[in-house]
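Asker: Chains as they are written, first to last, in the UniProt record's numbering: chain R, 1 to 202; chain X, 1 to 202.
In short, the hints are calculated from the structure, not lab data. Just so you know, not all the hints are guaranteed correct.
The list makes no distinction among identical chains, and a pair is therefore deemed to hold if it is satisfied within one copy or across any two copies.
Said to hold, decoys possible - Cut-off 20 Å, straight-line C-alpha distance, at most; resulting in silico cross-link-like pairs (SDA-like, lysine to any residue):
hint, residue 1, residue 2
1, K121, L144
2, K44, A31
3, K2, P136
4, K54, K162
5, K110, V138
2 protein chains.
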Amino acid sequence: MKKLDELFPIGLAFHGHKCPAMPMGLRAGLAAMRTLGVERAQDKELLLESETGKGHAAACFLDGLMTATGCTYGKANVRKLYYNKLAFTLIDARTGRAVRVAVKPDFFEKALASPFVQQRKAGVPPQEIPAEIADPLVERILGLPEAEFLEVGEVRTVEVPKGKGVFEARRCAGCGELTFVNKLRVGTDGELYCIPCSGYPD
Amino acid sequence: MKKLDELFPIGLAFHGHKCPAMPMGLRAGLAAMRTLGVERAQDKELLLESETGKGHAAACFLDGLMTATGCTYGKANVRKLYYNKLAFTLIDARTGRAVRVAVKPDFFEKALASPFVQQRKAGVPPQEIPAEIADPLVERILGLPEAEFLEVGEVRTVEVPKGKGVFEARRCAGCGELTFVNKLRVGTDGELYCIPCSGYPD
Chain R
1 MKKLDELFPI GLAFHGHKCP AMPMGLRAGL AAMRTLGVER AQDKELLLES ETGKGHAAAC
61 FLDGLMTATG CTYGKANVRK LYYNKLAFTL IDARTGRAVR VAVKPDFFEK ALASPFVQQR
121 KAGVPPQEIP AEIADPLVER ILGLPEAEFL EVGEVRTVEV PKGKGVFEAR RCAGCGELTF
181 VNKLRVGTDG ELYCIPCSGY PD
Chain X
1 MKKLDELFPI GLAFHGHKCP AMPMGLRAGL AAMRTLGVER AQDKELLLES ETGKGHAAAC
61 FLDGLMTATG CTYGKANVRK LYYNKLAFTL IDARTGRAVR VAVKPDFFEK ALASPFVQQR
121 KAGVPPQEIP AEIADPLVER ILGLPEAEFL EVGEVRTVEV PKGKGVFEAR RCAGCGELTF
181 VNKLRVGTDG ELYCIPCSGY PD
């Protein structure tokens, strides 16, 4: 398992700014992996269901989760549930063993009152928040005993959705662009079109 | 602007395996950024609409796009359109200037006939495909003249969706977990619940 000190620079470079929520995601992702006894996903060995959403504070948590677990938006083994909560379920795709990890409410409430979030509320972009404010908070997250901020659930078994990979693609009769076949649509003329050219909603 | 040789190791570490599609995304993301004259997003200075989906070959393209542009799933400045096409639009959130970049159909068709994709079709996980097969394809992508594989559209101006950040969270009356207020739901008892506890579909 990659160590926190190896993951942090990768997460930081990927994420784009230094904030407390991304490393919180690294820590939480590693806690879930250790609980399940799994390594980082190289392909889709793990699945991640994140309860975070968009536009809320600390959504950056998910970039830390992806960096730690290897469940990435490109590989499509992560999805958001948009509950706007700092929690997620990590699933071992081979066995269905799963664990839910949540940031503890007391800790999270205090984090939302931190000077970092105050600056964000006041409209300061995260990359412009002074290092004197961001750095100690990030350092604290990196060193905090897990039980102080994470609630790690019991391991349970869930059903793992199956589906075969799509390797066939054809050209759209409209724009000529190559489109994977499960998203080609039959037009009124019987030809095959990509979704935008088809005019269909999906 | 970060150079390709700086981005490749970050993309590789984040993505989890060596394949031709991730570096294709790096190249395409950089082409879009250069066309718009923008730097990598540290926060949400850029928005990315990816026409890729899930479960199809070369979806890994998106992990390269995220790594190059700084539009990440955690920061929520990227969304998939699920057209299952290797194309995307990059938008400068400050000006609305936007450019669409697509992988050229001729090139993409040949890429789908490559030994790498043949191995994937045969069920070999990407990380187990021999380096003799993967490495030359990856090297080729990293050095290929842009015009040989990318179609870069004209710059146009689009409307940028606005919305304010959510910094307020309250405890769910059911589970007690902290939930950002725009996803709290009013229960029949008048109390505020997170979506799973509310029983409402969203």
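Asker: Next step is simple, just say for each hint if it's right about the structure.
Answerer: Here is how each hint holds up against the structure:
no.: 1; hint: K121 <-> L144; result: neither (25 Å within a copy, 44 Å between copies)
no.: 2; hint: K44 <-> A31; result: within (19 Å within a copy, 28 Å between copies)
no.: 3; hint: K2 <-> P136; result: neither (23 Å within a copy, 27 Å between copies)
no.: 4; hint: K54 <-> K162; result: between (27 Å within a copy, 13 Å between copies)
no.: 5; hint: K110 <-> V138; result: within (14 Å within a copy, 46 Å between copies)
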